[in-house]
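Next come the chains, spelled out residue by residue.
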Amino acid sequence: MTIRRPIFRAAPDPGEAWARQVLTPLRRLRADCDVAAAVMARIAATAAGASEARPLSPRQARLAWAAGFLAGSVALGLVTSALRGAAGQGQAVHEVLGLLTSLGRVAVLLGRFLVSAYGRCLEIAAPVARAVWALFEVLTPILRGAGMAASACGVLSILISFYIFTHARAAASAPGGGRRS
Amino acid sequence: MASEPTDVELIREVLAGRVERFEILVHRYQRLVATAALRMGVARQEVEDVANEVFFKVYRNLGRYEPRHALSTWLYRITVNAALDRRRSRRHDERSEEIPADLKDGRPSPLEAAGERQRSRLLHEALGRLPEHYRAPLMLAHVEGLPVEEVARILDLPEGTIKSRLFRARALLKEIIRRHYPALAPTGARMEDA
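First to last, the sequence lines map onto chains A and B. One gets our numbering by counting positions in the first sequence from 1 and adding 189 to each. One gets our numbering by counting positions in the second sequence from 1 and adding 50 to each.
Hints were generated in silico from the structure; no laboratory data involved. The beta-carbon is built from N, C-alpha and C at its ideal position, and this holds for glycine as well. Any given hint could turn out to be false.
To be verified - Quick partial rundown of chain A residues pointing at chain B, CB under 8 angstroms, derived from the structure:
{"hint": "1", "residue": "Pro-201"}
{"hint": "2", "residue": "Pro-203"}
{"hint": "3", "residue": "Trp-207"}
{"hint": "4", "residue": "Arg-219"}
{"hint": "5", "residue": "Asp-221"}
{"hint": "6", "residue": "Cys-222"}
{"hint": "7", "residue": "Val-224"}
{"hint": "8", "residue": "Ala-227"}
{"hint": "9", "residue": "Glu-284"}
{"hint": "10", "residue": "Gly-287"}
{"hint": "11", "residue": "Leu-288"}
{"hint": "12", "residue": "Leu-292"}
{"hint": "13", "residue": "Arg-301"}
{"hint": "14", "residue": "Leu-303"}
{"hint": "15", "residue": "Val-304"}
{"hint": "16", "residue": "Glu-326"}
As the list claims (entries may be wrong) - Cβ-Cβ distance ranges computed for the label pairs, FRET-style:
{"hint": "17", "chain 1": "B", "residue 1": "His-230", "chain 2": "A", "residue 2": "Thr-290", "range": "28 to 38 angstroms"}
{"hint": "18", "chain 1": "B", "residue 1": "Pro-208", "chain 2": "A", "residue 2": "Arg-209", "range": "17 to 27 angstroms"}
{"hint": "19", "chain 1": "B", "residue 1": "Asp-135", "chain 2": "A", "residue 2": "Ala-237", "range": "19 to 29 angstroms"}
All chains should be built: construct the whole structure from the sequences, respecting the hints.
And the structure:
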């Protein structure tokens, strides 16, 4: 509970009787509701491991939005790197990179805003994001090599299949259909 | 006829796995929680949500309950916090609260009811001008009618602090009413001020 300075200067205490008299309308307020069924249903849902279907508060919604945006940016970065690895430095990739650079600038601006609002949250998230990015940079050449190896294996597989098929066909076209002794 | 189980007995049963016994506690205290929330300034249409939240929170933290204090003390504490949170989040569109038709001290005429509604709305406005750390003890002591030691337990503060806050809260409320809501002043006091 934050302590704020009183708005007015000190005044004499008017006493309990005065307060009781002034607050009489509030004392007359009565509320009656039956939440037992709703509470028990909620408890049962929690016990069953069901997710709570309660609306998010504005703060939670903002946090969820920021987290979603970060996750989206990371996913976009992954796809871009994959494109770079697969297609080299072509014109299309340059355009995509240009677009991503613009998006990145927007992301930086938003990031600054988020840092001011949720500085502590980002202090935890930023090193993780950097670590993920560094890991991805390390993995990119490995993935590229693995891709090339997979392609070579594919080509080799096709050549072997072609060889086997050709030999089988030659054998099948011989008179009698089988080997001649 | 078997006697009603006490709160502590019911809590022990719930903690032992008989979750359905929690429903008895909800039935027992739902009116107290709803009324306290309403008096703390929660809009009537939101009272049920707040009561639901309060009981769910109680269930989740039932293991932390200390039997040396009454369950109502704990419920008041959670309700006060929930009501303050709700008021903070709804500060921009605070709504006036209605006086129900079935007042305990007799059914009022439509004119009286309208007057009470207006007074209630103005009172919530006036109380909204009080800092939270003054408002909560004032409401618990003079609206809920709880003794100072109970208020101290609910707010987890020393009794001396509660007493001084009550003193300051009453003085501030009087000043707020004198400056901004003269219609709320008791009749005698209005004449004195004049």
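Tested hints:
Proximity of Pro-201 (chain A) to chain B holds as hinted, the smallest CB-CB distance being about 6 angstroms (cut-off 8 angstroms). Hint on Pro-203 (chain A) holds. Least Cβ distance to chain B is approximately 5 angstroms, under the 8 angstroms limit. Here the hint on Trp-207 (chain A) is kept, as its CB sits about 7 angstroms from the closest CB of chain B, short of 8 angstroms. Against a cut-off of 8 angstroms between C-beta atoms, the interface hint on Arg-219 (chain A) holds, since the closest Cβ of chain B lies about 6 angstroms away.
At a threshold of 8 angstroms, the smallest CB-CB gap from Asp-221 (chain A) to chain B is about 6 angstroms, leaving the interface hint in force. A distance limit of 8 angstroms between C-beta atoms decides the matter here; for Cys-222 (chain A) the minimum to chain B is near 5 angstroms, and the interface restraint holds. With 8 angstroms as the threshold, the beta carbon of Val-224 (chain A) comes within range of chain B, its nearest partner Cβ sitting at about 5 angstroms, so the hint holds. Interface restraint check: Ala-227 (chain A) against chain B, minimum CB-CB distance 5 angstroms, threshold 8 angstroms, status holds.
For Glu-284 (chain A), the shortest C-beta to C-beta distance to chain B is roughly 45 angstroms, which exceeds 8 angstroms, and the interface hint is violated. Annotation: Gly-287 (chain A) was flagged as interfacial toward chain B, and the flag is violated, the nearest CB pair being 42 angstroms apart, outside 8 angstroms. This hint is violated: Leu-288 (chain A) has a C-beta 39 angstroms from the nearest C-beta of chain B, more than the 8 angstroms allowed. With its C-beta approaching chain B no nearer than about 33 angstroms, Leu-292 (chain A) sits outside the 8 angstroms limit, and its interface hint is violated.
Proximity of Arg-301 (chain A) to chain B is violated relative to the hint, the smallest CB-CB distance being about 26 angstroms (cut-off 8 angstroms). This hint is violated: Leu-303 (chain A) has a C-beta 21 angstroms from the nearest C-beta of chain B, more than the 8 angstroms allowed. For the restraint placing Val-304 (chain A) at the interface with chain B, the shortest Cβ-Cβ distance is roughly 24 angstroms, beyond the 8 angstroms limit, so the hint is violated. For Glu-326 (chain A), the shortest C-beta to C-beta distance to chain B is roughly 43 angstroms, which exceeds 8 angstroms, and the interface hint is violated.
Here the CB-CB span from His-230 (chain B) to Thr-290 (chain A) is close to 56 angstroms, at odds with the stated 28 to 38 angstroms. For the pair Pro-208 (chain B) and Arg-209 (chain A), the supplied restraint of 17 to 27 angstroms holds, since their beta-carbon distance comes to about 24 angstroms. The hinted range of 19 to 29 angstroms is satisfied by Asp-135 (chain B) and Ala-237 (chain A), whose Cβ atoms lie roughly 28 angstroms apart.
Hints 9, 10, 11, 12, 13, 14, 15, 16, 17 from the earlier list are contradicted by this structure; the remaining hints agree with it.
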